[in-house]
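For the protein sequence lines, the chains are A and B, in the order given.
First residue of the first sequence: 1, per this note's numbering; consecutive thereafter.
First residue of the second sequence: 169, per this note's numbering; consecutive thereafter.
These aren't lab readings, by the way, just hints derived from the structure by calculation.
Just to be clear, a hint being listed does not mean it is correct.
Unchecked claim - Some residues of chain B that are not near chain A, with every Cβ distance over 12 Å (derived):
| hint | residue |
| --- | --- |
| 1 | R190 |
| 2 | D195 |
| 3 | G199 |
| 4 | G211 |
| 5 | A214 |
| 6 | L215 |
| 7 | E216 |
| 8 | R221 |
| 9 | G224 |
| 10 | K235 |
| 11 | S253 |
| 12 | R256 |
| 13 | G263 |
| 14 | Q266 |
| 15 | L332 |
| 16 | E335 |
As the list claims (entries may be wrong) - Just a few of them, taken from the derived set where beta-carbon distance is under 10 Å, the chain B residues facing chain A:
| hint | residue |
| --- | --- |
| 17 | M169 |
| 18 | H180 |
| 19 | P241 |
| 20 | Y247 |
| 21 | G250 |
| 22 | D251 |
| 23 | V255 |
| 24 | I268 |
| 25 | P270 |
| 26 | G272 |
| 27 | T276 |
Cβ atoms here follow ideal geometry from the backbone N, Cα and C, with glycine treated the same way.
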Amino acid sequence: MLRVRDHQDRAAFAALFRHFAPRVKGFLMKSGAGAALAEECAQDVMATLWQKAHLFDPARASVATWVFTIARNKRIDALRKDRRAEPEELDWGPEPEPDQAEAMEAQEETERLGLALAALPEKQRALIERAFYGDLSHSEIAAETGLPLGTIKSRIRLALDKLRQQMT
Amino acid sequence: MPEAFNLIVATHVSMCDECRARLASFDAVGGALIEDIEEIALGETALEAALARIEGLPQATQRAPLKPAGIFPAPLADYVGGDLSSVRWRKIAGGVKQAILPTGRDATARLLYIPAGVAVPDHGHKGMELTLVLQGAFADENDRFGRGDVEIADEEVEHTPVALAGEDCICLAVTDAPLRFRGIVPRLAQPLFRI
């Protein structure tokens, strides 16, 4: 990703594309998009990754997290026609040299989170996935799964707490 | 989520480091999920198409972040079209003014101007009302809210918010259903002001 950002390296972009594009397409299809729309949207996500590479900060987020953020925004944009306000970008000041240790940490954090997610009880993991893939609110999940809202909220909270414990 | 709620969330996150950090941690969970997700192959020519596409795309090299304007964080400044002086206020009553912001119709976002010490008429809610303080502070029967705080009121809350003395209070308020005023006069005025 850094070679894409700092050197406009097309070979590096191709490697990122091979790794992430099929995952983004999978994510979008799990979110309910048809194959054609998911493919087009995955192309959009990867083009945005190229175009906005200057915003990538390895100390703040792993590449996977960055890709997820772009994919989430694209999906929401595809679903709605009205404007969508974004929080202010923080001004992090000039950072000529990204801190290697911090960048490693962001990367490892994503890996640890993946392991922690895999270790969650099936029911809790399923709800977390629904909340992320569908970008559903708690009440929308309730409508879809038929579970009472209170149960859903407490399972998601429990699951996020467990994840947090695994991370510390 | 209706556009108006999106606006108040983005504005609050811009003012609240804790929520910003929480949002980043949710994105990190999303990153872990996407790393682990079932892959679905793209068409055979997808990579070529992507490479051809970026060929014509200049990489943006400079950040052009939205700027906050006075008391308005960037997302709100964008909707207002500037700072406080750009707001076109309409008087409601007792010095209270409002300005409705242009959002989708499924929920309404309005700026409220409440002079220091003045109360907003006693009201309940049919749906959800979120109120974010931008300047000054207000208190109701339940709590006190200062800059950056959000009050969440729903069907169960009936309250009379009062702007605290010292500074006029300016809030961003978002509702997904009309408010229920107890008094007859505010009820009559309601359709006129779309509140």
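Right, here's what the structure says about each hint:
no.	hint	in the structure
1	R190	violated (10 Å)
2	D195	violated (5 Å)
3	G199	violated (3 Å)
4	G211	violated (6 Å)
5	A214	violated (7 Å)
6	L215	violated (6 Å)
7	E216	violated (10 Å)
8	R221	violated (5 Å)
9	G224	violated (10 Å)
10	K235	violated (8 Å)
11	S253	holds (20 Å)
12	R256	holds (19 Å)
13	G263	holds (29 Å)
14	Q266	holds (19 Å)
15	L332	holds (26 Å)
16	E335	holds (23 Å)
17	M169	holds (7 Å)
18	H180	holds (9 Å)
19	P241	holds (6 Å)
20	Y247	holds (7 Å)
21	G250	violated (16 Å)
22	D251	violated (15 Å)
23	V255	violated (17 Å)
24	I268	violated (15 Å)
25	P270	holds (9 Å)
26	G272	holds (4 Å)
27	T276	violated (13 Å)
In summary, the numbered hints that this structure violates are 1, 2, 3, 4, 5, 6, 7, 8, 9, 10, 21, 22, 23, 24 and 27.
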